[in-house]
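**Student:** Work out the full structure: start from the sequences and follow the hints.
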Amino acid sequence: MRMSKNLLALIVLAVGALWSLQGLGVVGGSFMTGQSQWLYIGVVTMVVGLAGLVWANR
Numbered sequence: 211m212r213m214s215k216n217l218l219a220l221i222v223l224a225v226g227a228l229w230s231l232q233g234l235g236v237v238g239g240s241f242m243t244g245q246s247q248w249l250y251i252g253v254v255t256m257v258v259g260l261a262g263l264v265w266a267n268r
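Just so we're aligned, residue 211 is where the sequence shown starts under the numbering used here, counting upward by one.
There's no promise every hint is true.
Distance windows between CB atoms, simulated [to be verified]:
hint : residue 1 : residue 2 : range
1    : Leu218    : Ser246    : 26 to 34 angstroms
2    : Val236    : Met211    : 31 to 39 angstroms
3    : Ala261    : Leu234    : 18 to 26 angstroms
4    : Gly238    : Leu260    : 22 to 30 angstroms
5    : Arg212    : Thr243    : 35 to 43 angstroms
It is worth saying that the hints were derived from the structure and are not from the lab.
Computed from a predicted model, the values in this text were never measured in an experiment.
From the three backbone atoms N, C-alpha and C, an ideal C-beta is built for every residue, glycine too.
**Tutor:** In structure tokens form, the structure reads like this:
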């Protein structure tokens, strides 16, 4: 169970990182590219992923 929680948290963290990079315009090819709102959404998602990792490893 612990491994699945860690995996889910890592996936959420990775998605947040991708959204942040798209918001910054580093990763192209999407409607999200260069849109600053996706930077903020990605940062919040990464924080949720980090919180999930901390929770899963308590």
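**Student:** Hint by hint, say whether it matches the structure.
**Tutor:** Hint by hint, here is what the structure shows:
Restraint check, leucine 218 to serine 246: a C-beta distance of roughly 27 angstroms satisfies the suggested window 26 to 34 angstroms. Under the hint 31 to 39 angstroms, the C-beta atoms of valine 236 and methionine 211, about 35 angstroms apart, fit the expected range. Between alanine 261 and leucine 234, the C-beta spacing of about 22 angstroms keeps the proposed range 18 to 26 angstroms intact. Taken as a hint, the range 22 to 30 angstroms holds for the pair glycine 238 and leucine 260, whose Cβ atoms sit roughly 26 angstroms apart.
Here the CB-CB span from arginine 212 to threonine 243 is close to 36 angstroms, well matched to the stated 35 to 43 angstroms.
Violation of the numbered hints given earlier is absent; every hint is satisfied by the structure.
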